[in-house]
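Novice: If you want the building blocks of each chain, they are given just below.
There are 2 protein chains.
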Amino acid sequence: MNVNNKHYRTIWINEKSPKTVRIIDQRGLPNKFIVETINSVEQMAVAISDMHLRGAGLIGVAGAFGMYLAVLEASRGNSFDKRLKAFADRLQRTRPTAINLTWAIQRQLNAIRNVHSMADKINTSLETAHLIANEDIASCLEIGKHGFSLLKKIASRKKKGPLNILTHCNAGWLAFVDYGTATAPIYLAHEKGLNLHVWVDETRPRNQGSKLTAWELQQHGVPHTVIADNTGGHLMQQGLVDVVIVGSDRVTADGHVTNKIGTYLKALAAHDNGVPFYAAFPSSTFDWKTKNMRDIPIEERDPREVKMIEGWRNNKQVEVALTPKNSPAANYGFDTTPNRLVTGLLTERGLCNANRKSIARLFPQHGA
Amino acid sequence: MNVNNKHYRTIWINEKSPKTVRIIDQRGLPNKFIVETINSVEQMAVAISDMHLRGAGLIGVAGAFGMYLAVLEASRGNSFDKRLKAFADRLQRTRPTAINLTWAIQRQLNAIRNVHSMADKINTSLETAHLIANEDIASCLEIGKHGFSLLKKIASRKKKGPLNILTHCNAGWLAFVDYGTATAPIYLAHEKGLNLHVWVDETRPRNQGSKLTAWELQQHGVPHTVIADNTGGHLMQQGLVDVVIVGSDRVTADGHVTNKIGTYLKALAAHDNGVPFYAAFPSSTFDWKTKNMRDIPIEERDPREVKMIEGWRNNKQVEVALTPKNSPAANYGFDTTPNRLVTGLLTERGLCNANRKSIARLFPQHGA
Numbered sequence: 001m002n003v004n005n006k007h008y009r010t011i012w013i014n015e016k017s018p019k020t021v022r023i024i025d026q027r028g029l030p031n032k033f034i035v036e037t038i039n040s041v042e043q044m045a046v047a048i049s050d051m052h053l054r055g056a057g058l059i060g061v062a063g064a065f066g067m068y069l070a071v072l073e074a075s076r077g078n079s080f081d082k083r084l085k086a087f088a089d090r091l092q093r094t095r096p097t098a099i100n101l102t103w104a105i106q107r108q109l110n111a112i113r114n115v116h117s118m119a120d121k122i123n124t125s126l127e128t129a130h131l132i133a134n135e136d137i138a139s140c141l142e143i144g145k146h147g148f149s150l151l152k153k154i155a156s157r158k159k160k161g162p163l164n165i166l167t168h169c170n171a172g173w174l175a176f177v178d179y180g181t182a183t184a185p186i187y188l189a190h191e192k193g194l195n196l197h198v199w200v201d202e203t204r205p206r207n208q209g210s211k212l213t214a215w216e217l218q219q220h221g222v223p224h225t226v227i228a229d230n231t232g233g234h235l236m237q238q239g240l241v242d243v244v245i246v247g248s249d250r251v252t253a254d255g256h257v258t259n260k261i262g263t264y265l266k267a268l269a270a271h272d273n274g275v276p277f278y279a280a281f282p283s284s285t286f287d288w289k290t291k292n293m294r295d296i297p298i299e300e301r302d303p304r305e306v307k308m309i310e311g312w313r314n315n316k317q318v319e320v321a322l323t324p325k326n327s328p329a330a331n332y333g334f335d336t337t338p339n340r341l342v343t344g345l346l347t348e349r350g351l352c353n354a355n356r357k358s359i360a361r362l363f364p365q366h367g368a
Numbered sequence: 001m002n003v004n005n006k007h008y009r010t011i012w013i014n015e016k017s018p019k020t021v022r023i024i025d026q027r028g029l030p031n032k033f034i035v036e037t038i039n040s041v042e043q044m045a046v047a048i049s050d051m052h053l054r055g056a057g058l059i060g061v062a063g064a065f066g067m068y069l070a071v072l073e074a075s076r077g078n079s080f081d082k083r084l085k086a087f088a089d090r091l092q093r094t095r096p097t098a099i100n101l102t103w104a105i106q107r108q109l110n111a112i113r114n115v116h117s118m119a120d121k122i123n124t125s126l127e128t129a130h131l132i133a134n135e136d137i138a139s140c141l142e143i144g145k146h147g148f149s150l151l152k153k154i155a156s157r158k159k160k161g162p163l164n165i166l167t168h169c170n171a172g173w174l175a176f177v178d179y180g181t182a183t184a185p186i187y188l189a190h191e192k193g194l195n196l197h198v199w200v201d202e203t204r205p206r207n208q209g210s211k212l213t214a215w216e217l218q219q220h221g222v223p224h225t226v227i228a229d230n231t232g233g234h235l236m237q238q239g240l241v242d243v244v245i246v247g248s249d250r251v252t253a254d255g256h257v258t259n260k261i262g263t264y265l266k267a268l269a270a271h272d273n274g275v276p277f278y279a280a281f282p283s284s285t286f287d288w289k290t291k292n293m294r295d296i297p298i299e300e301r302d303p304r305e306v307k308m309i310e311g312w313r314n315n316k317q318v319e320v321a322l323t324p325k326n327s328p329a330a331n332y333g334f335d336t337t338p339n340r341l342v343t344g345l346l347t348e349r350g351l352c353n354a355n356r357k358s359i360a361r362l363f364p365q366h367g368a
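The listed protein sequences correspond, in order, to chains P and V.
Residue numbering for the first sequence follows this note's numbering, starting at 1 and increasing by one per position.
Residue numbering for the second sequence follows this note's numbering, starting at 1 and increasing by one per position.
Treat the hints with care, since some could be wrong.
If chains are identical, the list can't say which one is meant, so a pair holds when it fits in one copy or spans any two.
To be verified - The list that follows gives simulated cross-link-like pairs (lysine-lysine, DSS-like), each with its CA atoms no further than 30 Å apart:
#1 K158 / K291
#2 K316 / K32
#3 K153 / K357
#4 K192 / K325
#5 K325 / K6
#6 K145 / K160
#7 K19 / K32
#8 K159 / K291
#9 K158 / K145
#10 K6 / K145
#11 K159 / K145
#12 K291 / K160
#13 K121 / K85
#14 K85 / K19
#15 K158 / K192
Everything labelled a hint here was simulated from the structure, so no lab data went into it.
Using the sequences plus the hints, can you model the full thing?
Specialist: If you want it as structure tokens, here you go:
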């Protein structure tokens with residue numbers, strides 16, 4: 001998407017030094033647009049765990065580029081396989097909930113395994129990283145098309161006013177390589193002239209909504225309003241939300257949706273008010289193995305992210321305290337919305353219901 | 001309650017100058033404890049609307065003391081009745097949702113109406129303000145006793161671990177004159193040695209939870225953990241919440257509960273997970289007239305409260321921006337939880353169900 005009218009992806013190979021990777025360091029947004037050069041696996045691991053970049057798809061693609069850097073680093077010395085495995089483990093440990101990370105790292109390991117010369121291993125891992133990035137983009141585009149049909153249908157039932165969409169966190173292009181998932185239908189609909197307006201949940205504690213989604217939409221000229229996470233239920237009671245679309249970090253074969261903490265509360269409110277609730281994600285987000293939604297690991301992050309907040313003052317990024325010094329805090333990163341609250345799943349293959357049968361019909365290779 | 005081991009109320013007549021009122025200016029908490037002297041009706045109106053003080057009960061008591069200042073000011077000149085009415089209107093307009101404000105101002109007007117000499121009017125309004133403050137304290141104490149019985153009962157069903165209570169916003173002593181409503185049972189239970197722990201919703205956008213409730217509990221030594229508002233649903237899914245207790249700003253005769261924005265989302269989650277959900281409030285919070293919960297006025301506040309946040313840095317209070325400069329924001333102050341999601345109402349007269357019949361049994365003078 002465009003930043004100050006120049007096209008960007010969120011991650012790419014450094015044109016000047018192709019053995020390094022460049023990413024948008026999202027920590028400066030919405031006020032500063034920073035590009036960071038990643039020179040090592042360790043630097044990529046820190047970028048993922050400290051959230052220089054984040055988002056379901058982008059974490060996976062960053063894992064894939066991280067594995068390219070891992071092959072490069074492991075190739076400069078002995079014990080290639082052992083060191084590569086250690087690098088893979090290091091990357092894997094950065095974010096436990098995002099299934100795309102596991103998926104991308106495993107795909108890289110599989111791709112490299114049967115390649116023999118070191119030069120070929122390097123080339124294969126670079127190609128695989130590019131492939132994963134391009135597939136991410138293609139999936140987002142397809143999700144956009146399927147989602148746009150859906151939005152048009154919902155909008156056609158409205159008598160007047162814009163189509164009001166509520167979203168939580170950032171499942172925008174900053175969470176992927178381009179376009180995003182929850183936002184792809186929005187960008188497409190906006191481009192095609194559909195009258196729409198987006199309610200942006202600020203998404204505490206890290207404010208990906210107020211800092212990233214609002215910035216994306218504003219850069220793109222999409223009408224939107226930032227709200228506290230507490231607000232969505234009231235808006236739905238008042239008929240001010242026509243549809244909820246969120247992204248996802250992991251979806252089980254039964255259609256249970258793990259996403260940013262607070263998503264479950266919005267799904268409950270949508271269900272209570274007859275508002276359709278959709279999760280949009282590429283199929284790499286499916287966790288085909290986990291049966292019980294209680295077995296999905298939920299990341300617990302540093303309580304400091306709840307006790308402190310970063311914002312901008314006089315063009316400087318400043319961190320301030322929000323709680324008494326001695327009050328403990330807890331910081332769960334995700335929650336799981338049970339399939340009974342999910343109206344539908346939007347993937348690159350189209351829309352399906354949030355149940356095993358309907359998902360298996362769209363993805364028959366994974367069985368029912 | 002105690003602040004640094006000295007007992008305070010949230011509002012009182014200035015010992016040194018009894019024609020002025022003193023309040024705890026809550027805007028400095030949790031880092032600075034500030035007492036403000038209120039010399040005029042206008043100053044009290046600003047203190048209420050700009051939230052130097054806030055909270056269902058305290059807004060009412062502040063309105064009552066504001067009316068005492070109004071009688072004093074109106075008595076110094078002509079057109080007493082006309083000026084008193086204007087002062088009452090000024091105070092009334094400060095916060096539209098809180099029913100206690102209307103109730104307290106009206107009670108003062110009724111008390112003063114049949115008193116003839118100016119000196120008696122002044123005395124009567126001062127006495128009425130004291131009476132309303134003392135009734136607020138007595139109600140909170142009674143709510144504490146009834147609520148403690150309830151907590152003991154819920155705790156007795158637990159096999160191990162502390163009783164986990166979740167609360168939203170601040171219905172603590174800072175929201176009343178003393179003890180609070182949602183917190184009164186907690187303080188009493190803590191005093192009696194019940195093993196308990198409180199999940200404190202930070203309560204965006206004004207963070208009354210992380211700034212006020214956490215501070216109260218910490219000053220009092222009650223175990224607690226601050227969480228983002230998004231977290232409660234996940235905690236309930238995990239069995240980490242035994243009971244939810246919130247305050248209320250307005251309750252209809254049918255038991256619909258208007259409280260801080262986001263309360264409805266917690267009630268939905270509690271209902272979905274079989275967690276009991278209680279609203280605690282003095283009976284002055286009842287709105288006996290409004291039939292349809294959609295007719296309850298929901299205050300919309302300055303969007304700036306969503307776009308900016310105040311916190312502490314190097315012992316200074318600092319405001320930082322959280323959104324892109326050009327992104328609009330909306331700031332609804334309250335939402336209404338329908339009675340079907342409310343397990344019970346805790347008032348000074350005891351516990352009742354959230355329906356017209358059960359409420360009328362406890363408050364027969366208002367009819368069914």
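Novice: Give a verdict on every hint.
Specialist: Against the structure, the hints:
| no. | hint | in the structure |
| --- | --- | --- |
| 1 | K158 / K291 | between (39 Å within a copy, 29 Å between copies) |
| 2 | K316 / K32 | both (9 Å within a copy, 25 Å between copies) |
| 3 | K153 / K357 | within (24 Å within a copy, 44 Å between copies) |
| 4 | K192 / K325 | between (50 Å within a copy, 27 Å between copies) |
| 5 | K325 / K6 | between (43 Å within a copy, 20 Å between copies) |
| 6 | K145 / K160 | within (24 Å within a copy, 52 Å between copies) |
| 7 | K19 / K32 | within (26 Å within a copy, 53 Å between copies) |
| 8 | K159 / K291 | between (42 Å within a copy, 28 Å between copies) |
| 9 | K158 / K145 | within (21 Å within a copy, 51 Å between copies) |
| 10 | K6 / K145 | within (24 Å within a copy, 64 Å between copies) |
| 11 | K159 / K145 | within (24 Å within a copy, 52 Å between copies) |
| 12 | K291 / K160 | between (43 Å within a copy, 29 Å between copies) |
| 13 | K121 / K85 | within (14 Å within a copy, 84 Å between copies) |
| 14 | K85 / K19 | within (20 Å within a copy, 77 Å between copies) |
| 15 | K158 / K192 | within (18 Å within a copy, 57 Å between copies) |
When held up to the earlier numbered hints, the structure conflicts with none and fits them all.
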